[in-house]
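K.L.:
Chain by chain, the residues:
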Amino acid sequence: MYLLNRIQRHRVNYTWMIVSLLLVASLPFLLFLGLYLKSFLLIHDYHLGDLLFSKVWKPGSGKFGFYPFIVGSIWVTLLAMLISAPICLLTAIYVTQYTRKRFLRIMHPAIDILAGIPSVVYGVWGILVIVPFISCFVGPLFGVQTLGYSILAAALVLSVMIIPFILNILIEVFRTIPVELKEASLSLGATQWQTVKIVLIKKALPGIIAAFGFGLARAFGETMAVLMVVGNVVKLPKSVFDPGYTLPALIANNYGEMLSIPRYESALMFAALILLAVSLFFNLVMHFFIDRYNKFSA
Amino acid sequence: MKPTHKIHIENLNVYAGKQQILKDINIEIPKNKITVILGPSGCGKTTLLKCMNRLTDLYPELKVTGKVLINDKNVLDAGEDIVKLRQYMGLLSQRPYPLPMNIYNNIAFGLKLKGVKRRRELHKQVVHYLQQANLWDEVKNRLREPASRLSIGQQQRLCLARGLAVNPEIILADEPTSALDPISSQYIEEKFVELKNDYTIVLVTHILRQARRIADYVVFMYLGEVIEQGTVEEVFGNPKMEKTKQYLGGTFN
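If you read the sequences in order, they're chains A and B. One point on numbering: in the numbering used here, the residue at position 94 of the first sequence is 1576, and numbering is uninterrupted. One point on numbering: in the numbering used here, the residue at position 93 of the second sequence is 126, and numbering is uninterrupted.
None of these hints come from the bench; they were simulated from the model. It cannot be assumed that every hint is accurate.
Below 20 Å or equal to it, Euclidean Cα-Cα: the simulated PhoX-like pairs (lysine-lysine) are [as the list claims (entries may be wrong)]:
{"hint": "1", "chain 1": "B", "residue 1": "64", "chain 2": "B", "residue 2": "100"}
{"hint": "2", "chain 1": "B", "residue 1": "229", "chain 2": "B", "residue 2": "64"}
{"hint": "3", "chain 1": "B", "residue 1": "157", "chain 2": "B", "residue 2": "173"}
{"hint": "4", "chain 1": "B", "residue 1": "147", "chain 2": "B", "residue 2": "117"}
{"hint": "5", "chain 1": "B", "residue 1": "117", "chain 2": "B", "residue 2": "51"}
{"hint": "6", "chain 1": "B", "residue 1": "229", "chain 2": "B", "residue 2": "66"}
{"hint": "7", "chain 1": "B", "residue 1": "56", "chain 2": "B", "residue 2": "96"}
{"hint": "8", "chain 1": "B", "residue 1": "224", "chain 2": "A", "residue 2": "1583"}
{"hint": "9", "chain 1": "A", "residue 1": "1684", "chain 2": "B", "residue 2": "145"}
{"hint": "10", "chain 1": "B", "residue 1": "117", "chain 2": "B", "residue 2": "66"}
{"hint": "11", "chain 1": "B", "residue 1": "100", "chain 2": "B", "residue 2": "56"}
{"hint": "12", "chain 1": "A", "residue 1": "1684", "chain 2": "A", "residue 2": "1777"}
{"hint": "13", "chain 1": "A", "residue 1": "1684", "chain 2": "A", "residue 2": "1537"}
{"hint": "14", "chain 1": "A", "residue 1": "1679", "chain 2": "A", "residue 2": "1540"}
{"hint": "15", "chain 1": "B", "residue 1": "51", "chain 2": "A", "residue 2": "1583"}
{"hint": "16", "chain 1": "A", "residue 1": "1679", "chain 2": "B", "residue 2": "150"}
{"hint": "17", "chain 1": "B", "residue 1": "224", "chain 2": "B", "residue 2": "64"}
{"hint": "18", "chain 1": "B", "residue 1": "66", "chain 2": "A", "residue 2": "1679"}
{"hint": "19", "chain 1": "A", "residue 1": "1679", "chain 2": "B", "residue 2": "229"}
{"hint": "20", "chain 1": "B", "residue 1": "56", "chain 2": "B", "residue 2": "229"}
{"hint": "21", "chain 1": "A", "residue 1": "1679", "chain 2": "B", "residue 2": "117"}
Chain A is nowhere near these chain B residues, computed Cβ spacing over 12 Å in every case [to be verified]:
{"hint": "22", "residue": "44"}
{"hint": "23", "residue": "60"}
{"hint": "24", "residue": "65"}
{"hint": "25", "residue": "90"}
{"hint": "26", "residue": "91"}
{"hint": "27", "residue": "102"}
{"hint": "28", "residue": "106"}
{"hint": "29", "residue": "107"}
{"hint": "30", "residue": "120"}
{"hint": "31", "residue": "138"}
{"hint": "32", "residue": "152"}
{"hint": "33", "residue": "153"}
{"hint": "34", "residue": "201"}
{"hint": "35", "residue": "223"}
{"hint": "36", "residue": "269"}
{"hint": "37", "residue": "279"}
Think of the CB as a built atom: it goes at the ideal place given N, C-alpha and C, for glycine as much as any other residue.
Pulled out of the complex, with its shape left as it was, chain B reads as follows (with noise of 0.2 Å):
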């Protein structure tokens, strides 16, 4: 694995019974870019996303073959250590999922499970986090509210400052602004731009235009296939196989 390359995959495939999700996906995933998973919907963008992080865990019926490396360790023979490795990547997903308590505690559970313990270590951690999201100014004094009672948008930022709060090396993010006004959507992509300086991001979307304007390096997925990857000069610019011309041209059947 090159330095510069923070996720490897090598064949990987994903069965659920006799169908087959993904078909030996072969990519590298950079350090400190925005890596973006393009595609349309139902091509496994997803299923891929969670052989990152192994949340294929929860779903009994899926069978995953292949490796996933990240920093030389395979994730997907990494046992009981997994539960360690996924502190190493945030997920955001394509609804925000608040856990059932406050705002404060949100913040404050990955913390606690990373061992931090002291109270005012915690409050001055979850302080940090929230302004990191630019929720701080918003929910600073209803910190003890429900995280549910926040907007769509407000949740999203949580859940990304929750995210962050575990400090990870990677963001793993599915369709991440998909439920959300246009307003919010811009925020996420601006803060992504921004984080890259101090992670490394892999973006699932099946939005072409959020594609161009974010990414660094692009992986076009249909039906479970790896089509096309390389930067996004590269695969906007000039692509090279027929279906990513016709994806990206809209005559996409």
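The following block holds chain A by itself, in its conformation from the complex (with noise of 0.2 Å):
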């Protein structure tokens, strides 16, 4: 009696574990599958070039052009990248090859606190903060006049808000590196700086784009913080000083509201779908050049 219960619980279990890996699986393509059937609507009236290519953006009159906030979505995201990637590289590399182990065990706190931060609050930081600092400082110092809520302002929180999750990918990327390796190289006499460069680095590599592409992906997202400070305004953004409106901060302003509007709610899910369709895109261009290099020059 005992023995069959045993029998019975180790196959229920089994059982569960096969539903849920079944149901994680199978998550993403519902996603997709929903958010087409919810967007069909309008992909169906609409040519899809014109719809990611077309400027105007006139809900009320039938016009659903997606383009500036496309553009919009990637100038903050492409500059967040460019000013947080920088300096998480450098700090990895500083934490994992120059200071003691002690240094890294404070580091690790500083890091999770701000991975933890809520995004409100630095979309709040932004505006108190941020959004100043722009229109008064950094705007007059191009010569250019600014409100402060702008692609920059949000590029700027956002470099911010994911900077805890490249550095700690790099920082355990940077340490699984063999100290083998590392003493190789100076036995041959490179400099520290030169073992970073040429050996760390390129043992790394596919490290570091798993770690970039994964922040990428997590800035395009982001909804909240870039919502409060990038000004929202439907336009194509001509310099960085320039608000603009991206696709998620899109979805959370409008969503619920003037679904009144004719093919409105399948406008917001299709921008839904280019969310997710760019996600799986920088996924795959990832793994791609991972591969790549693990078969070309690992």
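Two chains, two frames, some hints: make the complex.
P.N.:
Dropping the structure here:
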């Protein structure tokens, strides 16, 4: 009786494991499918190229051009990466290669705190600090009149937000490089910096790409903090001091309102679909580079 | 320092925090001989080896005092010159760690650091050192492949070639055969015997038979101390200390 019980329990556990696996594995597809069905109304009535590349956003008169949002999202994301990627890389190298282990133990909680701050708090910080900083200081420095609510403000806030995520992965990547590799390079007469530059970064490259890809995907999808400082103006930004609008902000700002306008809900779902597709694309590109690296140069 | 001695270690102490890893080491390593540093795991053999080319720098928690004289220069207070000094010493570690680049560049890396720039000269030397490590025939058609695709035995020979390429006077080897199959191990041992005409070799090992086979001079260490040192005949044939006898007799605890 006891034995039977055990076997049954084993079977039940096994079944549950498979169910959980299938659930997790099918979620992305279900999400995709759901968004596609919801946005079908829009995709069916309009040309896909028009939707993606038209600049006119007038839902009231049935004009849905996502181009300003896509461009806004790309600007904000790339600029944020441009700021935080070098900072993260240099910090990770310094912390893992140049300091004592004790220093890393102090760094870790600091990074974790940064990662744990809710994004709305980052948004408030952006409004109170970054936005005035840009309108009173950075803008005049470049001879530009700006309200401060801008692509640059969003990128700055965003870059601080993604630092802990990228940095944590990078530190792990550099920590797992065997010390013997470093010893080999040094014993051949390389300086510490040559070792870092030529040997360690090369060895860490797949990990570095993964870390940056992860940060990029996160930055692209970040909603709240960006929405609070980016200005939310549907216009193609001409410079980083111009306000803009991003895809996640579009959805968050408008969903639930004005849904009486025909196809409006569909349009917002389409924005979500673009977001999902872009994250998927980042992922694929990332894996492509990592595979390529592992095949040809490891 | 007698001219026949290549490395001269005086009162070397290494501390890790409160723990002392090496205690008052005094050894002389003869030129153009194979000196084997023998002892059980954890006795400080590897640390001693790392003091010689100051890889101890990588472990800021270690405190090193004393003198390690190589060509009359104290490695321990060489300051920035250590980068140059390290090129006097090729290093072969326990497992091969090829640099993350192709086979050709693994050798060319050290050569470039030495200032070899012209392509033709670079190529000539890469070929030469790969031949010296008996690897050329196996890799000549795949020089642009990542070094990580070689077998472990081939990788270790690549590491030897890479070390020889900076034209050192000393070869430091830290249990270089411990990850290798018997045939690759035998090859490395034979190569060492051949190389001692041109190089001074310091080999760390815990394998008694290996020491007996190729050593000229033996330093026996136990718990961070040098227990006994002398020629292979002295130490193996007529050990003076009780600890050495026990270790050689295999009754060691």
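K.L.:
For every hint, state whether the structure bears it out.
P.N.:
Comparing the hints with the structure gives:
Only pairs whose Cα atoms come within 20 Å are accepted, and residue 64/B paired with residue 100/B is accepted, the gap being roughly 18 Å. Distance restraint check for residue 229/B and residue 64/B: the Cα-Cα separation of roughly 9 Å lies within the 20 Å cut-off, and the hinted pair is therefore satisfied. Between residue 157/B and residue 173/B the alpha-carbon distance is near 13 Å, which keeps this suggested pair within the 20 Å criterion. At roughly 9 Å between alpha-carbon atoms, residue 147/B and residue 117/B fall within 20 Å of each other, so this suggested pair holds.
Restraint check for residue 117/B and residue 51/B: the C-alpha separation of about 32 Å exceeds 20 Å, so the hint is violated. A distance of roughly 6 Å separates the Cα atoms of residue 229/B and residue 66/B; the hinted pair therefore holds under the 20 Å criterion. A distance of roughly 12 Å separates the Cα atoms of residue 56/B and residue 96/B; the hinted pair therefore holds under the 20 Å criterion. Distance restraint check for residue 224/B and residue 1583/A: the Cα-Cα separation of roughly 39 Å exceeds the 20 Å cut-off, and the hinted pair is therefore not satisfied.
Taking the CA atoms of residue 1684/A and residue 145/B, the gap is near 17 Å; set against the 20 Å cutoff, the hint holds. Our distance criterion of 20 Å between C-alpha atoms is broken by residue 117/B and residue 66/B, whose separation comes to about 23 Å. For the hint linking residue 100/B to residue 56/B, the alpha-carbon distance of about 13 Å falls within 20 Å, and the restraint holds. Among the hinted pairs, residue 1684/A with residue 1777/A is consistent with the structure: their alpha-carbon atoms are about 14 Å apart, no more than 20 Å.
Between residue 1684/A and residue 1537/A, the direct Cα distance comes to roughly 42 Å. Violation of the 20 Å bound is thereby established for this hinted pair. For the hint linking residue 1679/A to residue 1540/A, the alpha-carbon distance of about 51 Å lies beyond 20 Å, and the restraint is violated. Distance hint between residue 51/B and residue 1583/A is fulfilled; the C-alpha atoms sit about 17 Å from each other, no more than 20 Å. Under the criterion of a C-alpha separation no larger than 20 Å, the hint pairing residue 1679/A with residue 150/B is consistent with the structure, at around 19 Å.
Distance check on the hinted pair: residue 224/B and residue 64/B sit about 17 Å apart at the alpha-carbon level, within 20 Å; holds. A distance of roughly 36 Å separates the Cα atoms of residue 66/B and residue 1679/A; the hinted pair therefore is violated under the 20 Å criterion. This hinted pair does not check out: residue 1679/A and residue 229/B have alpha carbons roughly 34 Å apart, beyond 20 Å. Pair hint residue 56/B plus residue 229/B does not hold up; C-alpha atoms about 29 Å apart against a cutoff of 20 Å.
For the hint linking residue 1679/A to residue 117/B, the alpha-carbon distance of about 18 Å falls within 20 Å, and the restraint holds. Separation of residue 44/B from chain A is adequate, the least Cβ-Cβ distance of about 24 Å exceeding the 12 Å criterion. Separation of residue 60/B from chain A is adequate, the least Cβ-Cβ distance of about 20 Å exceeding the 12 Å criterion. No Cβ of chain A comes within 12 Å of the Cβ of residue 65/B; the nearest lies about 21 Å off, and the non-interface call holds.
The beta carbon of residue 90/B sits about 8 Å from the closest Cβ of chain A, which is not more than 12 Å, so the claim that it is off the interface is violated. Some Cβ of chain A comes within 12 Å of the Cβ of residue 91/B; the nearest lies about 6 Å off, and the non-interface call is violated. Distance check for residue 102/B against chain A: the nearest CB is about 19 Å away, which clears 12 Å, and the non-interface claim stands. No Cβ of chain A comes within 12 Å of the Cβ of residue 106/B; the nearest lies about 15 Å off, and the non-interface call holds.
Every CB of chain A lies more than 12 Å from the CB of residue 107/B, the least distance being 18 Å, so the non-interface label holds. Here residue 120/B does not stay apart from chain A, with its beta-carbon only about 4 Å from theirs, under the 12 Å limit. Not every CB of chain A is more than 12 Å from the CB of residue 138/B (nearest about 10 Å), against its label as outside the interface. Interface exclusion of residue 152/B from chain A stands, the closest Cβ pair being 18 Å apart, more than 12 Å.
Interface exclusion of residue 153/B from chain A stands, the closest Cβ pair being 22 Å apart, more than 12 Å. Separation of residue 201/B from chain A is inadequate, the least Cβ-Cβ distance of about 9 Å not exceeding the 12 Å criterion. Listed as a non-interface residue, residue 223/B keeps its Cβ farther than 12 Å from every Cβ of chain A; the least gap is roughly 23 Å. Under the 12 Å C-beta cut-off, the non-interface status given to residue 269/B relative to chain A holds; the minimum distance is some 30 Å.
For residue 279/B, the requirement that its beta carbon stay farther than 12 Å from each beta carbon of chain A is met, with the minimum near 31 Å.
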